[in-house]
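Visitor: Per the working numbering, the sequence shown runs over residues 38 to 185.
Honestly, the hints are just simulated from the structure, not real lab data. Keep in mind it's a predicted model, so treat the numbers as computed, not measured. No incorrect hints appear here.
With a straight-line cut-off of 20 angstroms between C-alpha atoms, the simulated DMTMM-like cross-links for lysine to aspartate or glutamate are:
1) LYS112 / ASP69
2) LYS113 / ASP79
3) LYS172 / GLU162
4) LYS113 / ASP88
5) LYS113 / GLU141
6) LYS113 / ASP142
7) LYS113 / ASP69
8) LYS112 / ASP79
9) LYS112 / ASP88
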Amino acid sequence: MMVYKMAGHLIRRLNQISTHVFAQHMQQSGLDLTPVQFAAMDAIAANPGIDQAGVAAKIAYDRATIGGVIDRLLKKGYVTRQVSTQDRRARVLHLSNAGQTLFEDIFPTVQALQDEILPGLNAKERALFMELARKAVAPTSPQGSGDS
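Sequences are here, hints too, so could you generate the full structure?
Guide: Next comes the structure, spelled out in structure tokens:
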């Protein structure tokens, strides 16, 4: 079996680890929040009034499925969606008061759990990994996604 030596397999495993660590921390905090929902909240917090397509671009997520992510955040009361004052066809997003409070409360936790995602690496190796990961995704990252 050679697949375990392939980049795609290792990246998939890192995604599994990352998702598991995130879910564990959210469960321990009594929260029902996924990594994609958190990323969407981060994009909205940094860009109040952004539309769904903008959120999808910022977090490098599929435009066709971001609607479901936003709908779940709306249902949880973490975001609001309003008709744009500039373009009546557009819907703009903001964090609700509850969403802003939650985001501010959990952001330090999400930052702290990053070390758990790469437990086999020391601080210097994690920094190098992050540098190389950013370099690897840069050619495919949409303009303005924050990946490059």
